[in-house]
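> For chain G, the structure is supplied; the task is to place chains C, D and A on it using the hints.
The chain contents come next:
4 protein chains.
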Amino acid sequence: MIKEGDTVQLKDRKNSFFIKLKKGEIFGTHKGNIYHDQIIGKEFGDTVKTHKGNEFLILKPTLYEIIMFGIKRQTQIIYPKDSAYITLKLGITDGMRVLESGIGSGALTIVMANAVKPSGKIYGYEKEEKYIDTVKENLRLAGMEDYVSLFHHDLSEKLPEDYFDAAFIDVREPWLYMENVKSALKRGSPIGFLLPTTNQVSRILESLSYHGFIQPEVKEILLRNYKPVPDRLRPEDRMVAHTGYLIFARKG
Amino acid sequence: MIKEGDTVQLKDRKNSFFIKLKKGEIFGTHKGNIYHDQIIGKEFGDTVKTHKGNEFLILKPTLYEIIMFGIKRQTQIIYPKDSAYITLKLGITDGMRVLESGIGSGALTIVMANAVKPSGKIYGYEKEEKYIDTVKENLRLAGMEDYVSLFHHDLSEKLPEDYFDAAFIDVREPWLYMENVKSALKRGSPIGFLLPTTNQVSRILESLSYHGFIQPEVKEILLRNYKPVPDRLRPEDRMVAHTGYLIFARKG
Amino acid sequence: MIKEGDTVQLKDRKNSFFIKLKKGEIFGTHKGNIYHDQIIGKEFGDTVKTHKGNEFLILKPTLYEIIMFGIKRQTQIIYPKDSAYITLKLGITDGMRVLESGIGSGALTIVMANAVKPSGKIYGYEKEEKYIDTVKENLRLAGMEDYVSLFHHDLSEKLPEDYFDAAFIDVREPWLYMENVKSALKRGSPIGFLLPTTNQVSRILESLSYHGFIQPEVKEILLRNYKPVPDRLRPEDRMVAHTGYLIFARKG
Amino acid sequence: MIKEGDTVQLKDRKNSFFIKLKKGEIFGTHKGNIYHDQIIGKEFGDTVKTHKGNEFLILKPTLYEIIMFGIKRQTQIIYPKDSAYITLKLGITDGMRVLESGIGSGALTIVMANAVKPSGKIYGYEKEEKYIDTVKENLRLAGMEDYVSLFHHDLSEKLPEDYFDAAFIDVREPWLYMENVKSALKRGSPIGFLLPTTNQVSRILESLSYHGFIQPEVKEILLRNYKPVPDRLRPEDRMVAHTGYLIFARKG
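As given, the protein sequences belong to chains G, C, D and A, one line each in that order. If you read the first sequence in our numbering, its first letter stands for residue 1, the second for the next number, and so on. If you read the second sequence in our numbering, its first letter stands for residue 253, the second for the next number, and so on. If you read the third sequence in our numbering, its first letter stands for residue 505, the second for the next number, and so on. If you read the fourth sequence in our numbering, its first letter stands for residue 757, the second for the next number, and so on.
Since the hints were derived computationally from the structure, they do not count as laboratory data. Quantities reported herein were computed from a predicted structural model and do not represent experimental measurements. Hints are all accurate, no fakes.
Taking lysine-lysine pairs in the BS3-like style, the calculated list, with each CA pair at most 27 angstroms apart, reads:
#1 Lys301/C <-> Lys324/C
#2 Lys158/G <-> Lys182/G
#3 Lys975/A <-> Lys479/C
#4 Lys121/G <-> Lys294/C
#5 Lys301/C <-> Lys186/G
#6 Lys778/A <-> Lys759/A
#7 Lys553/D <-> Lys564/D
#8 Lys770/A <-> Lys798/A
#9 Lys816/A <-> Lys690/D
#10 Lys3/G <-> Lys373/C
#11 Lys182/G <-> Lys255/C
#12 Lys22/G <-> Lys72/G
#13 Lys263/C <-> Lys312/C
#14 Lys767/A <-> Lys723/D
#15 Lys438/C <-> Lys3/G
#16 Lys438/C <-> Lys23/G
#17 Lys312/C <-> Lys182/G
#18 Lys798/A <-> Lys686/D
#19 Lys779/A <-> Lys816/A
#20 Lys942/A <-> Lys518/D
Coverage of chain D stretches by chain A, computed from C-beta distances (three or more under 8 angstroms per stretch; other residues unrestricted):
#21 555 to 567
#22 586 to 592
#23 684 to 694
Even glycine gets a Cβ: it sits at the ideal position worked out from N, Cα and C.
For reference, chain G alone in the conformation it holds in the complex (with noise of 0.2 angstroms):
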């Protein structure tokens, strides 16, 4: 039965909408409002019709489709292909401190809070402030609120030290902050990086050799869509061919 704090998925032949109810409140579309209230109650699959009469399918939407199409982007985010890999890299797993800085749209925060449930957090320190607001709704979208601690100020503040289990750094100019986030991770405590260019993919490892880091690792994942047609199987015509490179290592 689906109850208040749940998210759902409401979609018809051209719209998909992703909501967290709560009672009382009034989903407004093009094509008429919905009282969550309507779906409270209701079983994933059943249907729920707006003041309008339009009728709407309530899905459960996976944590994939929550960061692919619910959560709002304000900036680039890091695709599922990149997110699921870090995480399972870092070792992200029930009860660990984690550095995430910065945020951005939250789409990588998703899925390590989901990872460090239910005794671990996602440290998140993002400079600009207003993307922090939107963080905060996409977290609550995905459920994840309460595993996620934001700070608006960026890696130059001292951080405490001694203190974090893993770290990923998605920032333009990482080796800024390399004595910091050192210092901060506990020893032997991996860490990652997602870079764009093979400068700065270059600039990373020197400074993670400077700085005493070891196991350095460089990879790329590509993502490769096929057409699902049975006997018409063959790839799409176009697809991604770079987000960025996934840099690894671990405090020495």
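Here is chains C, D and A on its own, set in the frame of chain G:
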């Protein structure tokens, strides 16, 4: 502080061992024996000596490392590039009941178990009884044994109806079991498959369509490693070119 | 010195035209007219003005540019990444007689014609008569018209026996014509196909085996472009993910 | 009919030899000797026996096979996926004068020579004298010796001015020679480079810009092989992930 039940990585120049600590036990290597009790109470980053005086570094392994280097492989495993993506694409999260078959060495099982923690569970069906014991050992090593139930039969036996929130099927002829799998899934639930040949992909797409599954997708993930040398950055000479095609759909 | 019969590229800031020079002719653009005779006798790198006074740079186009930007496209062309490889894989060289069908816009024909020069010939079979005139024009633009014979029928008509040194077949159902094509090829001769779907690949492999062709190979070529910025080097965001699978074999 | 000067492939179950026929010569194998005169006058597809009675099939090799399996490799060769594309991208065609340096084993030289035939020429500069003899032998095997002039010095020696229609440079530090190479190229001529690391790519892009070259492009070609089994079609497990980045530009 390292405690009983933790999984640690013991590392010297040439070797890397992953062990789950239990009071009173002895871990034997060709470099000599180590009592688990020697390790319990130390900190990650400390060292321990065998009775022959050979020293090992004690590290905290990531889930990624346990999967790639720690578990016993009795089959081709599902690699992190795929298992991480599958888990996110299926929307695996806390509290879900997930059907998996076959289990193989449990590499994907571990990743999905990490995502359903603490209140969900993976239900693993594996027809090869000989695999089951190793999977159990692998799950214990990863600390995931509480979140997985194993059954040694295949998908031809009747499954509980309308029970699972998601399913991942990695068997050679998944189309043989689609009726059973479908009835076991809740309405709208996501399902995934890994299949190595294009012929199998065509066949499962046909079967999915026949059984009323919706939103079919076919994807392939490629991982490219780079040599992490700042002033001579370049891709590795060779790469894994194929593990399998990933197919996703939803119960309609 | 530029002479009659040469193909030149006329370029200004926004436009790029490819024309084959003929005494007495006029080339009309929206920027004004240019007499071919104005260009004949000049050097590549010189400029020419239209009667309205607009200036164009005269460049010598490469075969690559003629194919990519000069020829008229009436179909999806075979791109240089594929056509160059096909030509080398089939071993196309001076003096060979090469069977090609269909011809499409002649993009591959031009590349193969360049390789059989001066004593060989491409024999192009195209069932769509409407395509033939454009192909002729494209061949003239590329200066390859003397090395290609065009026929407006498809492969169902009887071909000369034991006649061709190589063949490339780019039609939707090549298996329909294998008996005919086989008898037209000399013993041991290489043959190639371009097919977009995996189902077609499986089918032609079966047909090749059935007809006694040997050494089957299936290949796919991916071209990745980078942004050519020295201090921000990175792959383009998007790429062509699929043109077709290339299949090669030899008459046994 | 096979004649003196032809290159033939001798093939049995396990071996494959490429030889250029010359009257009176003997080809020795561990299976026994074959007189070239035994082969001259036969047809491709016929067989020949060694003096020990072992039989070989006589095949006509493609240029692709000569490059991949016939020539002696004294260096990493430029593979067909790259050499074919380079040749087309540079617009190599009959009558052109092409500068190449270094030559390595001559794999690209052969492909470009095939394209400049019959009236053009490749001018190959190679600083390693020890390579020159093998390249000559390789060119003879491919039947391309008449279309290539070899020089055993590198690009630091003065080149003829305003002489070449195209250039391909495959040396470790091409930026050292750009002034010289530029003056040797005709205005507007295309130039290409193969470089394995991203750092080299950045450096040559800077150098090209500094020397007034225009239209820089950076490309990478990936070749994926499939197992040619009709009912179990799938990519090979492993592939060559990197040979080098291709850089192209034009003299401005």
